[in-house]
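J.: These are the residues of each chain, in order.
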Amino acid sequence: MKYLTEYRDASIALPLIERIRKTATRPWTLMEVCGGQTHTIVRQGLDELLDGAVEMIHGPGCPVCVTPLEQIDKALQLAARPGVIFTSFGDMLRVPGSDCDLQQVRARGGQVRIVYSPLDALALAQRNPESEVVFFAVGFETTAPANAMAVWRARELGVTNFSVLVSHVTVPPAIRAIMQSPGNRVQGFLAAGHVCAVMGWSEYEPLAEQYKIPIVVTGFEPLDILEGILMAVQQLEDGRNEVENQYVRSVRREGTPPARARIEDVFELADRKWRGIGEIPMSGLRLREEFAAFDAERKFGLGGITVNEPAECRAGDVLTGRLKPPLCAAFGTRCTPEHPLGALMVSSEGACAAYYHIAKHRGAAPAGVMA
Amino acid sequence: MCLGIPGKVIEIHDEGGLPMGVVDFGGVRRSVCLAYVSHEVGLGDYVIVHVGFAISKVDEIEAQRTFEVLREMSKHDELDWMAELGGMPSSVPTTAAAGDSAS
Ligand code: SF4
Chain A
1475 MKYLTEYRDA SIALPLIERI RKTATRPWTL MEVCGGQTHT IVRQGLDELL
1525 DGAVEMIHGP GCPVCVTPLE QIDKALQLAA RPGVIFTSFG DMLRVPGSDC
1575 DLQQVRARGG QVRIVYSPLD ALALAQRNPE SEVVFFAVGF ETTAPANAMA
1625 VWRARELGVT NFSVLVSHVT VPPAIRAIMQ SPGNRVQGFL AAGHVCAVMG
1675 WSEYEPLAEQ YKIPIVVTGF EPLDILEGIL MAVQQLEDGR NEVENQYVRS
1725 VRREGTPPAR ARIEDVFELA DRKWRGIGEI PMSGLRLREE FAAFDAERKF
1775 GLGGITVNEP AECRAGDVLT GRLKPPLCAA FGTRCTPEHP LGALMVSSEG
1825 ACAAYYHIAK HRGAAPAGVM A
Chain B
5 MCLGIPGKVI EIHDEGGLPM GVVDFGGVRR SVCLAYVSHE VGLGDYVIVH
55 VGFAISKVDE IEAQRTFEVL REMSKHDELD WMAELGGMPS SVPTTAAAGD
105 SAS
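These protein sequences, in sequence, are chains A and B. Read in order, the letters of the first sequence are residues 1475 to 1845 in the numbering used here. Read in order, the letters of the second sequence are residues 5 to 107 in the numbering used here.
Source of the hints: derived by calculation from the structure; they are not laboratory data. Among the hints, a few may not be true.
[As the list claims (entries may be wrong)] Here are some of the chain A residues that sit facing chain B, going by a computed Cβ distance under 8 Å:
1. Ala1484
2. Ile1486
3. Arg1493
4. Ser1591
5. Thr1616
6. Pro1732
7. Gly1790
[Claimed, not checked] Between beta-carbon pairs, the in silico distance windows are:
8. Glu72(B) / Arg1582(A): 36 to 44 Å
9. Gly1657(A) / Val73(B): 31 to 39 Å
10. Leu1797(A) / Val32(B): 32 to 40 Å
11. Glu72(B) / His1813(A): 22 to 30 Å
12. Val73(B) / Glu1630(A): 38 to 46 Å
13. His1813(A) / Val73(B): 44 to 52 Å
14. Ser35(B) / Glu1812(A): 42 to 50 Å
15. Ala1735(A) / Arg34(B): 20 to 28 Å
16. Gly48(B) / Glu1786(A): 47 to 55 Å
17. Ile16(B) / Cys1574(A): 29 to 37 Å
[Claimed, not checked] Below, in silico cross-link-like pairs of lysine to any residue (SDA-like), each with a Cα-Cα straight-line distance of 25 Å or less:
18. Lys12(B) / Asp1594(A)
19. Lys1773(A) / Leu1598(A)
20. Lys1496(A) / Phe71(B)
Glycine included, every Cβ here is placed at the ideal spot set by N, Cα and C.
Let the hints inform the model, and build the full structure from the sequences given.
T.: As structure tokens, then:
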């Protein structure tokens, strides 16, 4: 087994879709939280194949998309500073800030480097003791263990020219915010498999109970997603609201305890803004006081940043399921992956970009499972 | 950044107290931090890797089981359809279907 291709088998997917259709005695509305799942659903056309039985609303689980504008602007400010090497995951480079993006800062002479792992940023700091190396620590609970370890190691190794610009968010508070938002239509969730691989799923049990919604921890391959949907639909049909685990091969109830422990060591809960949504209480992480020396915001005294979100971008409505991306007036015209107006158009995990790519692709060939 | 990928651990070593290793992703090899899974992972095991860190071990038995359940499910549905289309009995015993799965 390679754990990838097997779960893309169309001869299994199509009967599964039929089974979902037969199980649903009425149309149900589910949300997949994770951008990786959105990508698979839109790309494989699963949403269209399920049309009439299950509507999938694409949730806010793409870190590129929800990192708030002021954090992007802070990144831009840092990257432009002489003596700073600004490091980031590659997909943050084209996220639009108030007036430019990291790629443009680099073109103007800013030192911006893409790293694969935050440990690479730390190694860069060790190799360049005369420079300040800043790492853009963004993401959900999946990147938090890596970012926490980089800070932990920096302290352990006494690396003082390394710091992180933190913009970490967590999934459960977002589910709560969506369930409490006026006009919410979501009746059940596919929880993000890899977030739960780290954190486990005990945090989701009170949510399922309080909002009377099924939550199914789900993987990322087409068959995983279809099975997750089937499990959620079955629960809705039975009137159950449980946390179930579809992604058994990678997720255990307690998650991965050493990773959780390291996150706890380095980070603490904090209020965070989500781009397009606004502030969600206790929905993110910040460095603990004992790691203040590694906090780029404090180290460089960043402040006084005023942000300017394009009024035309309807990311908030897309993220909460009130608007499908193609219905945004700017979609595909003033907003494209080459010239994104909003963050949702940047990463392939963003809902707007996912729709854009598939719309282009379908100009030439019809949609299909496992295309 | 958020795409975690399964890969096979083909080398394990220590880098200044940090458990590291090499993971093979279908031919592409990368250095990966194994600190969070070192207590349960050995050479040849599969792990899910995110931004250079293994965040969980893939359970091979469960992977196989999930796949088999889905495959069985799809077979049954196919048999049901055939029955609906006429000609075949609608209740084919599970064991018969399982026996065919090697084909
Ligand atoms: S299409 Fe562009 S402008 Fe419209 S909501 Fe999506 S990101 Fe914003």
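J.: Each hint should be assessed against the structure and marked as holding or not.
T.: Against the structure, the hints:
A distance limit of 8 Å between C-beta atoms decides the matter here; for Ala1484(A) the minimum to chain B is near 10 Å, and the interface restraint is violated. Taking 8 Å as the C-beta cut-off, the interface hint given for Ile1486(A) holds, the closest approach to chain B being about 4 Å. The beta carbon of Arg1493(A) comes within 6 Å of a beta carbon in chain B, closer than 8 Å, and the hint placing it at the interface holds. Interface restraint check for Ser1591(A): the shortest CB-CB distance to chain B comes to about 2 Å, inside 8 Å, so the restraint holds.
Interface hint status for Thr1616(A): upheld, as the beta-carbon distance to the closest one in chain B is roughly 5 Å, under 8 Å. Satisfaction of the interface hint for Pro1732(A) is found here, the shortest Cβ-Cβ separation to chain B being roughly 5 Å, below the 8 Å cut-off. Annotation: interface hint on Gly1790(A) violated; nearest CB of chain B at approximately 20 Å, more than 8 Å. Take Glu72(B) and Arg1582(A): their Cβ atoms lie about 56 Å apart, and the range 36 to 44 Å is violated.
Distance hint for Gly1657(A) and Val73(B): a CB-CB separation of about 37 Å, consistent with the stated range 31 to 39 Å. The given range of 32 to 40 Å is respected by Leu1797(A) and Val32(B), whose C-beta atoms sit roughly 38 Å from each other. Remark: the range hint 22 to 30 Å for Glu72(B) to His1813(A) is contradicted by a beta-carbon distance near 47 Å. Our hint of 38 to 46 Å for Val73(B) and Glu1630(A) holds, since their Cβ atoms are close to 44 Å apart.
The hinted range of 44 to 52 Å is satisfied by His1813(A) and Val73(B), whose Cβ atoms lie roughly 46 Å apart. Restraint check, Ser35(B) to Glu1812(A): a C-beta distance of roughly 33 Å breaks the suggested window 42 to 50 Å. For Ala1735(A) paired with Arg34(B), a C-beta distance near 25 Å keeps the hint of 20 to 28 Å intact. A C-beta distance of roughly 53 Å is found between Gly48(B) and Glu1786(A), which places it inside the suggested range of 47 to 55 Å.
Evaluation of the 29 to 37 Å hint for Ile16(B) and Cys1574(A) yields a failure: the beta carbon distance comes to about 43 Å. For a cut-off of 25 Å, the pair hint linking Lys12(B) to Asp1594(A) stands: about 21 Å separates their Cα positions. In summary, the hint linking Lys1773(A) to Leu1598(A) is supported, as the alpha carbons are separated by about 18 Å, within the 25 Å threshold. Taking the CA atoms of Lys1496(A) and Phe71(B), the gap is about 21 Å. The hint holds against a cut of 25 Å.
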